[in-house]
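Asks: Residue numbers (the UniProt record's numbering), protein chains in the order written: chain A, 1 to 240; chain B, 1 to 240; chain C, 1 to 240; chain D, 1 to 240.
Note that these hints are calculated values from the structure, not bench results.
Misleading hints may appear alongside valid ones.
The list cannot tell twin chains apart, which means a pair is met if one copy fits it or any two copies do.
[Unchecked claim] In silico EDC-like pairs for lysine to aspartate or glutamate, Cα to Cα no more than 16 Å straight-line: (1) K58 to D122; (2) K132 to E52; (3) K132 to E51; (4) K132 to E167; (5) K132 to D88; (6) K231 to D122.
4 protein chains.
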Amino acid sequence: MADSAPQPNLAGSVTMRGEGMNRIETFVAAAFAFAVTMLVISVGSIPQSFEEFVLALKTIPAFAASFAVIVWIWHAHATWCRRYGLEDGMSIFLSSLLVFLVLIYIYPLRLMMQSLFHFLSDGALPFIFPLKTLEQARFMFTFYGIGFLCVGLNFIGLYRYALRRQEPLALSPYEVTEARYDVHVWVVAVCISLLSLILAWVLPAQWLSLAGFTYFLLFPCYTVLDNRHRKALAAIAVQD
Amino acid sequence: MADSAPQPNLAGSVTMRGEGMNRIETFVAAAFAFAVTMLVISVGSIPQSFEEFVLALKTIPAFAASFAVIVWIWHAHATWCRRYGLEDGMSIFLSSLLVFLVLIYIYPLRLMMQSLFHFLSDGALPFIFPLKTLEQARFMFTFYGIGFLCVGLNFIGLYRYALRRQEPLALSPYEVTEARYDVHVWVVAVCISLLSLILAWVLPAQWLSLAGFTYFLLFPCYTVLDNRHRKALAAIAVQD
Amino acid sequence: MADSAPQPNLAGSVTMRGEGMNRIETFVAAAFAFAVTMLVISVGSIPQSFEEFVLALKTIPAFAASFAVIVWIWHAHATWCRRYGLEDGMSIFLSSLLVFLVLIYIYPLRLMMQSLFHFLSDGALPFIFPLKTLEQARFMFTFYGIGFLCVGLNFIGLYRYALRRQEPLALSPYEVTEARYDVHVWVVAVCISLLSLILAWVLPAQWLSLAGFTYFLLFPCYTVLDNRHRKALAAIAVQD
Amino acid sequence: MADSAPQPNLAGSVTMRGEGMNRIETFVAAAFAFAVTMLVISVGSIPQSFEEFVLALKTIPAFAASFAVIVWIWHAHATWCRRYGLEDGMSIFLSSLLVFLVLIYIYPLRLMMQSLFHFLSDGALPFIFPLKTLEQARFMFTFYGIGFLCVGLNFIGLYRYALRRQEPLALSPYEVTEARYDVHVWVVAVCISLLSLILAWVLPAQWLSLAGFTYFLLFPCYTVLDNRHRKALAAIAVQD
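So that you can see chain A by itself, here it is in the shape it has in the complex (with noise of 0.2 Å):
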């Protein structure tokens, strides 16, 4: 409801205060566009034949979960612009800090959900990266562990930025309520990454995919989240 058209701001509603894109974003959405665009068209890899192009198609459920991942992350990030308008110098440190997360973990990310697909498919579809020991396995998903750990960290840091904020931003209960929960939706994606980055140096090697697996506890887990969270905003509907 709160990420509907525009609303007037009843009890129960959120106002957006950068209905405008501001330059942040613009930058941030070229950034982000200009990625996932070349997570598809590697350039180098222009299929020339059919086998080529055969090959190049295994490659799209990795490349759409990809996709899913940096779109999901923008969004996020778009969300928190629409709805606080903050142009000032801390966030623009912190969007820009993200991009270049975004940026850094963007191939990454891909050899990651392909290897996903690799071990769903039981090998049908390809992975073109040789892990040859134990230590370089770890070492993969300490990388992205400590990858997901800094977005989230970092998304945590621009709503409790505009938390701090609340006063000059005239936030409403509502409204800080709001902000209160998508920074909880953050700490826990933090907590898992570090019980992922955890389970990486203690699991024995025939386990050690379950590091990789232990993002999938964050399903069940905004579940949970998004129903305390709609009883919260209830209560508060209640007062009003």
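Please arrange chains B, C and D on chain A, whose structure you already have, making use of the hints.
Replies: Showing chains B, C and D alone in chain A's frame:
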């Protein structure tokens, strides 16, 4: 008429609810702009001699046709954004899916256009993608058919979603008729791609190219549809 | 003066009807920005040694000249958008066509500028595109001539379209004069490219480079045109 | 304070004349977004093995530093646009020139940062660009010095242009002080690059790296400048 510069909301006009560009549109515009640029400026193939330059020139017709298709899809999406100004979860999901589909289909589209111009020019224009067996050719037509089908279903989804929200958007009867017309436009596209898909598997080898030429049926179908639409709009204008 | 910051619509000023950027402009800006970026950052040619770096530096003058031409075209289009704010079918068609022309011409433009600086620097600046026969050189000049001709015709089309819509746009006499001036600007560009085209085929080998230098006629022609235009505007101001 | 969310124009605040993004900014944002993306996603170097991946990770510090410099320049330009909202010929010329300078310097910047981190990490971080002679090293520092000098002169030009237009823009005394401060910021940058340029040619081989470390003088200089600026602003606030 509905598509010209903003007008007051008289009977027979469409209110532009999304005059200011929103985040989805900037993201989509940047991704599409990047995609068409990549179509032309294939980094790996900057001509280094006069002969290569002339060869590059011969791909211009196929590029022009692919460019026109991408701009058509972009324009269809931009019109949808401008009319309804929706920026909620479903709009972002469907718009991202569209970007995803276009990015996957951009090089194959160019390939198909090259094969078309290779055929039409009786071999004077180049086609650098050898298909060796009949099954490979059937596969290519199937792949394109599915892609075009998905783009069509995506637009049907976008317009049906706008129609489902006609109350909060306060669509006028004129605008409802307009939205339904756009659903029909894409239903026709879906039917034609289904026909092409069937032909790709039932036609004998010597007639297989008809599976590709099926898409030219779009032109007469759209002429008929457009005429019927004008009459429907005239009928509404009379009622007022 | 017409081109400076927004002013109230006094006699002698131009109303900016497209203050907010529309979809075409974002698409065009992204495509042009990407195109100029690709001009410089030729992915395949990141210098790997000091010698390659120095060679790359020698292409800067040609890059600067190409960059200036692209920015000129982009600026001319942005001015048109800003003045008339048109976003209908014909505007999108002509704007897309302009993007298409620029994308096709971006690498050849750089090539032509390289040959110019190679010539002006008496061989000190590099030109990596050997032309072996006289016919090849004539072909190159013809190709550039046609491209510049098409860009010119495209802009004539854009301004004539704005003039045809002068009633719904409510153009003032001042603005009509301004639009007509811009038509003349591009008619001059078209005439000069026609002259270059003719020279490319009638000049003997030793004078062929004159077909390229013809484009420098733009500078004196625009000075004359600009003076006449100022007088015409002064005459309108007197009438009011 | 001047850089935070829009505020009413009290004494001690800056009116944002360019709240809506204009065409130059979108063009600049898109070009810069592409440029930073290209910095990371070097198409030709997608890691194909674990060893290449680890090597790619080692370039992250140099990338982060280059990214920060580009974002700094972009932000400085975006702030200028937002404060003065100028979109005339001179603004477009200076903004285009800035894009041009950044595009030329983007890979060399990364190179210089690599050499810095190579030096700081005592060779643990890679530097893939062998300089063989002392003259080559002097040349590189000269090249960077000139580039930074040009960026600084460009910004001095932008702020001086805004000051020259202070009457039509109706700049308050507070805003004039603010603009003058920004001129000083870039005069310092120009002086430091001049100092680096001189050092690059007078220092003996063993001290040559000091020509690069000269740029770290920016940090203390900006601290001093910022303190003086705060006092000047306080003095104005007292006058009101």
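Asks: Taking the hints in turn, state whether each one holds.
Replies: Verification of the hints:
no.	hint	result
1	K58 to D122	within (13 Å within a copy, 33 Å between copies)
2	K132 to E52	between (26 Å within a copy, 13 Å between copies)
3	K132 to E51	between (27 Å within a copy, 10 Å between copies)
4	K132 to E167	neither (55 Å within a copy, 59 Å between copies)
5	K132 to D88	neither (47 Å within a copy, 45 Å between copies)
6	K231 to D122	neither (42 Å within a copy, 57 Å between copies)
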